[in-house]
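**Student:** Using the hints, put the two standalone chains together into the complex.
What follows is the residue order along each chain.
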Amino acid sequence: MIRFDHVSKCFSGHTDALSEITVEIQDGEFVFLIGPSGAGKTTFLRLLIRDILSTGGKIFVDDWNLNTLPAGKVHLLRRFVGTVFQDFKLLTDRTVFENVALGLEILGKGDKEIKDRVLDVLELVGLAGKQQFFPLQLSAGEMQRTGIARAIVGGPKILLADEPTGNLDPETAWEILSILQEVNKMGTTVVMATHNASIVNDLKKRTIALDHGILVSDEKSGRYRAAAKHQKKP
Amino acid sequence: MSTLATAAKHIRRSPYQAMAATTTMFVTFLLAGIFFLSAVASAFILQYFESKPQITVFFADKATREDADALAKTLESTGKTSSTKYVSKEDALVIYREQNKSDPLLLEMVTADILPASLEISAKEPKYLADLVPIIKAANGVEEVIYQKDVVDALIAWTNAIRLVGGVLTGLLAFNSILTIMTVVSMKIALKREEIDVLRLVGASRWYIRLPFILEGGLYGIGGALLSWVIITLLVLWARPVLLGFLGMIPPFGSILLSPAATPFILSSLGFLGGLLVTGFFLGSVGSLIALGRYLKF
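Chains as they are written, first to last, in the working numbering: chain A, 196 to 429; chain B, 1070 to 1367.
Next comes chain B alone, as it looks inside the complex (with noise of 0.2 angstroms):
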């Protein structure tokens, strides 16, 4: 009998056992893969916003395209900007338009003139941004500034919300589920004992004896992960419209939930599938081996 089999017969002759450490485990990698993706997703939307330029300076009228480049080199000189961008008033009335296009009544009366230039600047990263405002507001013809740095730190402090409180709870319900499986183990390695015996007589090496329990734990794994993958699969795809007007600008967000049919949104799922099924068969291992260890000694 293979090894797989033989693993597959031990789960089959006590279903109840089974369902236990396979529940264990779906609970664990539903709440661990709903928060891996919470994490991912908000990490990209936190890229997103800090590739987006971060403080934009509006100078006054009389400030010139001088003033503008001195700021931008002083800027540049601290190191610590990706990008400085200068848009001047006839590029403002241009986005101006863009942006209004659809409303003619906002576009009649506005002129160049009545619109501020302005510089947009991308801070390398978010915490350098309390530095460079105060170099900004002394630069000579600057009128106002806006930065996002709020926006930012409260992404920031949701993205480690977020992982702390993911990261802890998937370390419980990851303990749980491998103490669940040793448990199961041991019960089937105590009540094998005699067959145990009998095959190490016989001459079955440790590992022909220790493998099909291996595997059992494995299984109990993938068995949880499958599971917890089409619960978030289907939940995914039940709130993909909502996701997408939330999320739909945001790059990665976009192709992936634009249809479910099409290759980004497939290859991502089934990523996601591979590293759930990798890290149950895993878990599920370890939980076996454990209980190896501490009740077949030899």
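Isolated chain A, as found in the complex (with noise of 0.2 angstroms):
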């Protein structure tokens, strides 16, 4: 479970990231976080997974005080949130199987076990076959499948998402996020930020709006337009 009490960030010398974020995410949910550039939803999930403090409120991500959290336990947290990123950072001098391990790598696993599910994972994310190319040979597409491989192989509880259709065309975008549903049903909470309307509009699962930093909606079955009614005329 994800839980955001009176969450706000502030960077130095900047206006509110973040804003009094109140919010709860059940193990399990699929929720989009939209809104434009500027919202808030990259500092919401960077929030997620320590890679930024809090200036005030509370976050807890599973038995995790994200608040409290000693620096040298950063990286236990990380395992059990798994992020896939908008510009894949994936590592160039690495083929795509051991781009994947390192995510079982890290955790100490054995050569054969890391084989065998670097294997099933390549598989699951419609990359086998593939495993020995390295990521200049891959089109995008191919390197945000290694991107997700990555991240879900070592089995976190929670995947967030920052962006990950954002560099793709439409239709490869989609089968990204059939990727993600996939993850979904076999229990990992997804957490995933998009500006793709016509995917938050299709897939009608709860959304979140954010909007200069402040919580403009939480529907259960959201559309992007209800966060889009509440942006700023430039």
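Wrong hints could be hidden among the right ones.
[Said to hold, decoys possible] Listed below are the simulated DSSO-like cross-link pairs for lysine-lysine, each with C-alpha atoms no more than 27 angstroms apart in a straight line:
#: 1; chain 1: A; residue 1: Lys-268; chain 2: B; residue 2: Lys-1261
#: 2; chain 1: B; residue 1: Lys-1261; chain 2: A; residue 2: Lys-310
#: 3; chain 1: A; residue 1: Lys-310; chain 2: B; residue 2: Lys-1078
#: 4; chain 1: B; residue 1: Lys-1170; chain 2: B; residue 2: Lys-1149
#: 5; chain 1: B; residue 1: Lys-1142; chain 2: A; residue 2: Lys-284
#: 6; chain 1: B; residue 1: Lys-1261; chain 2: B; residue 2: Lys-1158
#: 7; chain 1: B; residue 1: Lys-1078; chain 2: A; residue 2: Lys-307
[Unchecked claim] Residues from chain A shown here face chain B by an in silico Cβ test under 7 angstroms; the list is partial:
#: 8; residue: Arg-274
#: 9; residue: Leu-286
#: 10; residue: Thr-290
#: 11; residue: Gly-298
#: 12; residue: Lys-352
[As the list claims (entries may be wrong)] Simulated DEER-style distance windows between Cβ atoms:
#: 13; chain 1: A; residue 1: Gly-361; chain 2: B; residue 2: Val-1347; range: 51 to 59 angstroms
#: 14; chain 1: B; residue 1: Leu-1238; chain 2: A; residue 2: Ser-203; range: 56 to 64 angstroms
#: 15; chain 1: A; residue 1: Ser-207; chain 2: B; residue 2: Leu-1248; range: 32 to 40 angstroms
#: 16; chain 1: A; residue 1: Leu-302; chain 2: B; residue 2: Arg-1363; range: 27 to 35 angstroms
I should point out that these hints are in silico values taken from the structure, not numbers from a laboratory.
Virtual Cβ for every residue (Gly too), placed ideally from N, Cα, C.
**Tutor:** If you want it as structure tokens, here you go:
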């Protein structure tokens, strides 16, 4: 379970990136985090992996209070919460297999287990047969599949996806979405930040809308326009 | 990938930096090793000379055994002697004959009467010699006093000089080695910043990220130490005949240098290698740890 309790985040010299956010996400949910650029979506996700600390309020992930979590235990949180990035963050000097295996090597798993598990996950994300490719030999969609495979290979309970379809064409974006839905069906909580209106509107999942750091709506079966209507005109 | 494999990959992918680090370590350990062996050798030489009778007191013909015993008693009462040994005229003749047995001409005219009785004295520490000599000179029946103060003093001075120069040079080189390793590892950290960030985001512990860098520094140290050991061992083997002639009578050198295939030489050499490797790994790791402390703060 994820719980934000009056959470604020203020970057020095700037206005609040998040302001008094209170929200709960239950285990196994699929949640869209929507809002325009600068709404605070990425800040929301970065707080969840303790990449940054909140300046107000409390954040709980499962039994962890992220405000008091010691620095030496942050890696345990990040094994519990997998992350998919818009820019993939793949290591270009490692093959697809090696990139994905990273998520298991850090857990100290044996070679046999790593091989079996990585091949299973690559099959799940549709990259079977491409394990020896380097990232630069892949399409953007394949790179994102690799990123998802790396994020889920260690079996996290929560998967955060920060604009995972942001760099992809609509067809590929839907393929990525179906993988995330598959992961969600296996019991993993998925929180996905997105700009993609058609995906949000078609899937009719819970939608948390942010605008200028403020929670503007939290709908069980939301639509993208729910957030859009709160956007300030330039 | 294991930590060791990751460290080996880091080294393989930047061979020139690795060569620079290992060469610096090699020079450090070559000089440190030579100075260390010199210091150990000089300590053994000093110990050897210190264990020999440092004062020999020759008595006049009129002096009696009682005079010698009284002097020995007086000296022992100071608490500054470790041993005293009386050598009678007859004992002196036996020693003389033994030393000159290959030259019958020298033996013909010599009898016990013309050789002096003597007292061989060892001080607990060389610095006591100066205190003992006046007591001896004031004793009855003493004709001549010979003592090795000058030899021992010179040896102490040399040993101290070797320790000081070796210590300072080794310290400077060790400092330079740590700086080199630190620079190399810092560059690696900068080059791998992206990889480190990804590792952190996917949940790698701080030691999972740090250990390959520490191991890398340690491997540079081990490489340098191993190379220096090979060169020093070859030098010792090359100089062995000369060293054996020069230092062979001193117990540890005689047995160690006698044969390179014998246990004493092999054990000493392996012990020296072990010491170099441990120190090398330690120095390299310290360099890496400093770099990590400065450039990998999380």
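**Student:** I'd like to know which numbered hints this structure contradicts. Please list them from smallest to largest.
**Tutor:** 4, 5, 6, 10 and 12
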